[in-house]
Amino acid sequence: MLPEVIASFIVGIFLFLYAIFGAIDFGASFWSMFYLRRHTDAGVIANRFLSPTWEVTNTFLVLLVVSFVSFYPKAAFTLGTVLLVPVSIVLILISLRSAFMVFAYSVQSYQQTLRIISGIAGFFIPILLISALPVTQGPFIAIRQGVETLLTAKWLTSISTYYYMLFGLTSELFLSSLFLADYAREAGKEETYRIYRRNARIVGPATLVSAILVLLVLEPESKWFLDNLKEQVEWFILSILFYLVGYSALWWPDAKNDSIGKPRVAVLLIVVQYIIASYAYAAAHMPYIVYPYMTITTGFTGEVTFRPLFWVYVVGLAILVPGFYLFWRLFLKDRRYLRQED
Amino acid sequence: MDQTTITRAFFGTSLAFHIIFATLAVGISFMILVSEIIYQRTKDKDYELMAKRWTKTFAILLGVGIPSGTIVAVQLTLLWPGFMKIVGQVISIPFQIEIFAFFLEALFMSIYVYAADRLSGKMRVLSVFFVCLGATASAALITSANTWMNTPAGFDMYADGTITNVNTWAAFFNPSYGWAAFHVSISAFMAGAFAIASVSAYRYLKTPTQERKVLVFHRKSLLVSLVVGFLMSAITGFSGHGSAQGLHEHSPEKLAAAEGLFETQRYAPLSIGGYTDPATHEVKYGIEIPYALSILAGNLPSTEVKGLFEFPEETWPPSYVHTLFNAMVGVGMLLLALSFIALVYWWFFYRKRKKAFPKWLVRLLVISGPLAMLGIEFGWIFSCSGRQPWTIYGYQRTTEAATRAAHVGDLFVLFGLLYLLLSVLVVVVMHVYFKRNPLTKELAKRGDIDAT
Ligand code: HDD
Ligand code: HEM
Ligand code: HEM
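Those sequence lines, one after another, are chains A and B.
Just so we're aligned: the first sequence equals residues 1 to 342 in my numbering.
Just so we're aligned: the second sequence equals residues 1 to 452 in my numbering.
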């Protein structure tokens, strides 16, 4: 395989992981705010999941940026110039949220403020991040005085941008509800489980509808993309099948807990669905990183730099995976942590 | 201001902000490690409590260190796309490994902070060790990118900007890397130690004499931090000397600007203090020590040191770097002397004759932390501004590296406000936390003094 294609897989995998972790993380923030004033455990559970995990999610963001810049430095030049303002706004939101995450752990009375700030950030960050995707299809970029420039007004008035935003939001809420349902089940909180199961049931179909709108409603300049998407039709059908089975898992009987629904199965199948759909989406986008200015070949770093980078990833991950396992054992599985009373 | 100047000011501000928290994270995690180890050896519970309270401080500082680091990392691409284009092709390895160092730090920090009560003593030392290792490694790694900008290596560049003959590892281990990584890590340990010394000294002054246990606690932490601070400032001076000799060899105009030297000469004198007058080409109001500069640069008085006239004037670094360099070295010498005096005093008067530390000395120690921080800031601004007008010395000018996108100034204002807000918040959070969990309360919980 060509090095630039391998690199695109690596960056793609990081992007996907950040999207999923981020969706769950920011979604949990949103729910934590949503249930702030209600007398349920739903907000508490969301918060308990958040405390130890947001930092790992944040590191994934940095990993994503760094790997993109290292593998595709010339594409980073273009995207960095075009997206200066939106990315800066996301940065400010993320920073405020991170800071409050840490501060609220030290000063309990900040919990309320944290949950509001973090919830608001959790609402806007995914929306802003995902709205960069239609930009890479080309319709909102023009060359002004030799510099690629974002056509802000056109971008913010295009219906297609808003479908992307809607899709980002619903995905975030869907994935996080599913995940928190599973987390609540693991913690033995049946009532909370029911709340998140209901949320997932409501948001699920909305996610599917917005996903279809995202793919079909495009700016005229993105016609190339629609043509490519048509070639990936089998993958999208497969992905919808996974969605249907995963969604139905919310109704599967669960004899062990004397309840209804298998949230673990649902989470896993839906994640598989996202893997398939993202793969098809990315394949249709190839070889362009920013249409028509940058492809994975013209933006690539070069083979000599690629090789050591690749091995750094292999070695680095080999060392870190055991670390993650330890982390998982401590916080996501340890019943003493999950079931603490407060 | 033109676009490049705004971008420089913007990015410099972001880094100057991040470096405060990053350095403290490296330095304080080292101090936590020291006190955990002392605790394991002596089983003196005061050291356990020290580690616990410093960890709290560390955790609060992380609240700004992590977001500001994320900001810097992303801004590097946003504000210097021209620079990152070359970085990505030549020297992305340190950034890459740095991420893994962060993972290491973040993982073990979560474990140490959120699961402390579930870990054994040995595991706790090990976790802190990994936190410290991760933090120090990330500092040493990012330094590689910076020294590569000062002494580029590992690639060739055609006139049209195309890059060939990349050798990533040669770029990573560029000529000035070794000394600089050493200097950066040790000066961070030094700054962490003096930060702790500052707070201990302040608390020591504020504690009423009848609260014996509290006084003893602060005296112990003051002593630990002074010992570490003294050793680290000595090594900082030594490694700085190594860096300076590196300048002599690889970036002569930076050394010339740092010393305000215009004529190339043997038996060159060292000018301390004063300022460089760019119009008359001389250092005004400085003290000259004959031969000293030649000896510093090459160990012999006959060493020839290049002066600025050797180079075209348009590539001279700004003249204020002389002051920055002097300030950094001055801080180092002052803190070395201060900690030495305090330790001597402790040894001869406190240990031998049971005399308390005199107030004036403790008062002086209160400012040691902020001074060390200033040393770090001066050092970095010297290193980055002393490279001007180059971003990659000899290859890329700062104007070619800067972004050409609109709204940079507006964003500068926005981020400036964010940094202000975060600074205020971090101080408030520290204050509230330690107000609610005063030392007396924690000592009482341990059963050492009566809760009142
Ligand atoms: C507490 C902080 C501190 C102290 C006391 C010193 N330094 Fe330093 N110095 C730094 C903190 C620092 C730094 C912030 O860590 C720098 C910035 C870039 C770097 O590599 O390290 C630095 C850079 C730096 C450089 C520039 C390297 C370059 O630009 O390539 C030189 C020549 C020295 N130092 C030399 C010294 C000497 C001779 C000192 C005598 C005591 C000294 N420093 C004390
Ligand atoms: C020499 C100066 C620097 C030092 C010593 C340093 C060190 C550190 C340390 C120790 C941390 C851990 C956070 C903490 O504990 O507070 C940190 C965070 C961070 N730094 Fe810096 N850093 C420096 C400059 C930079 C630069 C130039 C970048 C950009 C490439 C950067 C990127 C980051 C990032 C991305 C984080 C957050 C990592 C996370 O998500 O956990 N740092 N830095
Ligand atoms: C953390 C401590 C640092 C501080 C306080 C600092 C400070 C500054 C300042 C003040 C400038 C503007 C220089 C001028 O225009 O006169 C600058 C420029 C710059 N610095 Fe640093 N710097 C630090 C570390 C780093 C590191 C570790 C890197 C490498 C990744 C770096 C990369 C740059 C770049 C790319 C520029 C812009 C181009 C240039 O002006 O040469 N800096 N920095």
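Read the hints as simulated data drawn from the structure, not as lab findings.
Treat the hints loosely; a few may be bogus.
Said to hold, decoys possible - From the derived model, a few chain A residues whose C-beta atoms are all more than 10 Å from chain B:
no., residue
1, Phe-34
2, Ser-67
3, Phe-71
4, Leu-91
5, Ala-99
6, Asp-227
7, Glu-231
8, Leu-238
9, Pro-253
10, Val-265
11, Gly-316
Claimed, not checked - Using 16 Å as the maximum straight-line C-alpha spacing, the simulated EDC-like pairs for lysine to aspartate or glutamate come out as follows:
no., chain 1, residue 1, chain 2, residue 2
12, A, Lys-74, B, Glu-48
13, B, Lys-445, B, Glu-48
14, A, Lys-74, B, Asp-44
15, B, Lys-220, B, Glu-400
Unchecked claim - Which stretches of chain B does chain A cover? Using the computed rule of at least three CB atoms under 8 Å from a CB of chain A, they are:
no., stretch
16, 15 to 29
17, 38 to 48
18, 69 to 75
19, 131 to 138
20, 157 to 169
21, 361 to 369
Using N, Cα and C, we set each Cβ at its ideal position, and we do this for glycine too.
Each hint, compared with the structure:
1. In this structure A/Phe-34 is separated from chain B by more than 10 Å, as the shortest Cβ-Cβ distance comes to about 24 Å.
2. The beta carbon of A/Ser-67 sits about 7 Å from the closest Cβ of chain B, which is not more than 10 Å, so the claim that it is off the interface is violated.
3. With 10 Å as the threshold on Cβ separation, the claim that A/Phe-71 sits away from chain B is violated: the shortest Cβ distance comes to roughly 8 Å.
4. Its closest Cβ contact with chain B, about 5 Å, brings A/Leu-91 to no more than 10 Å, contrary to its assignment away from the interface.
5. The beta carbon of A/Ala-99 sits about 5 Å from the closest Cβ of chain B, which is not more than 10 Å, so the claim that it is off the interface is violated.
6. With a closest Cβ-Cβ approach of about 31 Å to chain B, A/Asp-227 is found to remain outside the 10 Å limit, as its non-interface label requires.
7. Its beta-carbon lying about 31 Å from the closest one in chain B, A/Glu-231 satisfies the requirement of being farther than 10 Å from that chain.
8. Taking the minimum C-beta to C-beta distance to chain B, about 33 Å, the non-interface status of A/Leu-238 holds against the 10 Å cut.
9. Every CB of chain B lies more than 10 Å from the CB of A/Pro-253, the least distance being 36 Å, so the non-interface label holds.
10. Residue placement check: A/Val-265 keeps its beta carbon more than 10 Å from all beta carbons of chain B (closest about 28 Å).
11. The claim that A/Gly-316 is not at the interface with chain B is violated, since a C-beta of that chain comes within 10 Å of its own (minimum 4 Å).
12. The straight-line distance between the Cα atoms of A/Lys-74 and B/Glu-48 is roughly 51 Å, outside the 16 Å bound, and the hint therefore fails.
13. Pair hint B/Lys-445 plus B/Glu-48 holds up; C-alpha atoms about 14 Å apart against a cutoff of 16 Å.
14. Note on A/Lys-74 and B/Asp-44: the hinted pairing is violated, with a Cα-Cα distance of about 57 Å set against a maximum of 16 Å.
15. Proximity of B/Lys-220 to B/Glu-400 is assessed by CA-CA distance (about 53 Å); at most 16 Å being required, the pair is judged violated.
16. Coverage of the stretch 15 to 29 of chain B by chain A is violated in this model, with 0 residues showing a Cβ closer than 8 Å to a Cβ of that chain against a need of three.
17. With 0 residues bearing a CB less than 8 Å from a CB of chain A, the stretch 38 to 48 of chain B misses the requirement of three and the coverage assertion fails.
18. Evaluation of the coverage hint for the stretch 69 to 75 of chain B: fulfilled, as 6 residues show C-beta separations to chain A shorter than 8 Å, against a requirement of three.
19. Restraint check on the stretch 131 to 138 of chain B versus chain A: 0 residues with Cβ-Cβ distances below 8 Å, three needed, restraint violated.
20. Closer than 8 Å: that is the beta-carbon criterion, and the stretch 157 to 169 of chain B has 5 residues meeting it against chain A, so the requirement of 3 holds.
21. For a cut-off of 8 Å, the count of residues in the stretch 361 to 369 of chain B with a CB near a CB of chain A stands at 0, and the three-residue condition is violated.
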